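Chemist: Sequence:
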Amino acid sequence: MIKKLVLIFIAVIAIKSYGQEGTASPYSFYGIGSLKFKGTVENRSMGGLSIYSDSIHVNLRNPASYAGNNFEGLNDGSSLVKYTVGGTYSSINLKSESSSDNASSATFDYLAMNIPMGKFGVGFGLMPYTSVGYKLESLNDNGISHRFRGEGGVNKVFMGLGYQIMKGLNVGLDVHYNFGNIQNSTVAFNYDDDGVPTQYQSRENNRSDLSGLNVNLGVNYKTMITEKLEFVSALTYTPQSDLVSKNERSYSTITLSSTGQEFVVDTIDEDLEEQGLLETDLVMPSKLSFGAGIGQPLKWFVGIETLFMSTSNFSNELYRTGASTYEDSQSYTIGGFYIPQYNSFNNYFKRITYRAGMHFENTGLQIEDESINEFGISFGVGLPVGTFFSNANMGVELGKRGTTNSNLIQENFINFQLSLSLNDRWFQKRKYD
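When you read off a place in the sequence shown, starting at 1, and then add 801, the result is the number in my numbering.
Quick caveat, the hints were computed from the structure, so don't treat them as lab data.
Remember, predicted model here, so these are calculated numbers, not experimental data.
Please note that a few of the clues may not be correct.
[To be verified] When the alpha-carbon atoms are kept at most 27 Å apart in a straight line, the in silico DSS-like pairs for lysine-lysine are as follows:
1. Lys-936 / Lys-896
2. Lys-1201 / Lys-1088
3. Lys-1023 / Lys-1088
4. Lys-1201 / Lys-896
Take these sequences, add in the hints, and give me the full structure.
Modeler: Spelled out as structure tokens, the structure:
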């Protein structure tokens, strides 16, 4: 059953992702793209809350969660290994003061595994970090003034180690290797005295290949404060790091077909080495998150979390634009879950996990002195499948990003998320020799 679900899930994500960008946000024009949420569908269904960890789900936000007590139902010395894979389909309404449009995108979000080994635990996987995908046009009296297009993004391969210092207290460390490329182009339209587009137009082409390492540190702590209530807290810290950006830039003379398709006539490469832009360092900001909550184990939980990023330190000469600046960013999350009866044998709906939450985020991006903020509410369910409390998770998130002030664009989005969180037994002790 689980194998069939995995095949169906991969097929759906592959079909939806084919031929589409990882984002359709016009705000991915700035910096190195829109920051992808580092977390599972379970997290996102609780507004992004990531402080809770257990023995049947992978927590991608905090490496301390890789270690800890194994699932209580296994009393034969075996370990419960956790796998997870997830993806998102987004529908976006783009709204300005004068017009509106719709866009959509489908993305693969993560693939990860967590292997417990006594007091230690190892986690590793792959996920997108940022995504670029936009097609924008600016207008003048004659018609189109400029056309902007971009695609690509940065991905992460990570591996981490967690350690249980004592019952309820874990620490952990993730090492991330970031890699990817961003490609963008700008067409400047020329018109004759009658306002008719000239035969030849000019296009600027840019490509940046990005790579670099960074680390993520984590701590989580759990303790029973009454016979039924458990207190949970967690903290993560990511120090500032650099990405190496190897850059290319060229200029093309192009012609346009009646449908707007671009045909290259001639191309000239620019000497970026002379300008000191052939290879640049992109400063990635530090990040600190912490939160706490209470709940009844295997029944319910509610918590709050806040995250701070020193986004004002983000810099790269190649990505500077006059209209945009960066300020430090913050996000605030509240969310939780409820399970009517996790071990019910005669009522499937009582074993479903029901999740909900909301978040507010100042992204750190400022355009025309307007801060780009985001607000969203989310809901989700965890549907039991297979054995050892494996589950299929579905979530929906509704929200908005940006503003229509100062000629900017407001995004109203609906994200549909799907993941599989699967568990298996490894290192089972023999009962008989």
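Chemist: Each hint: holds or not?
Modeler: Okay, the hints, checked on the actual structure:
no.: 1; hint: Lys-936 / Lys-896; result: 15 Å, holds
no.: 2; hint: Lys-1201 / Lys-1088; result: 23 Å, holds
no.: 3; hint: Lys-1023 / Lys-1088; result: 23 Å, holds
no.: 4; hint: Lys-1201 / Lys-896; result: 11 Å, holds
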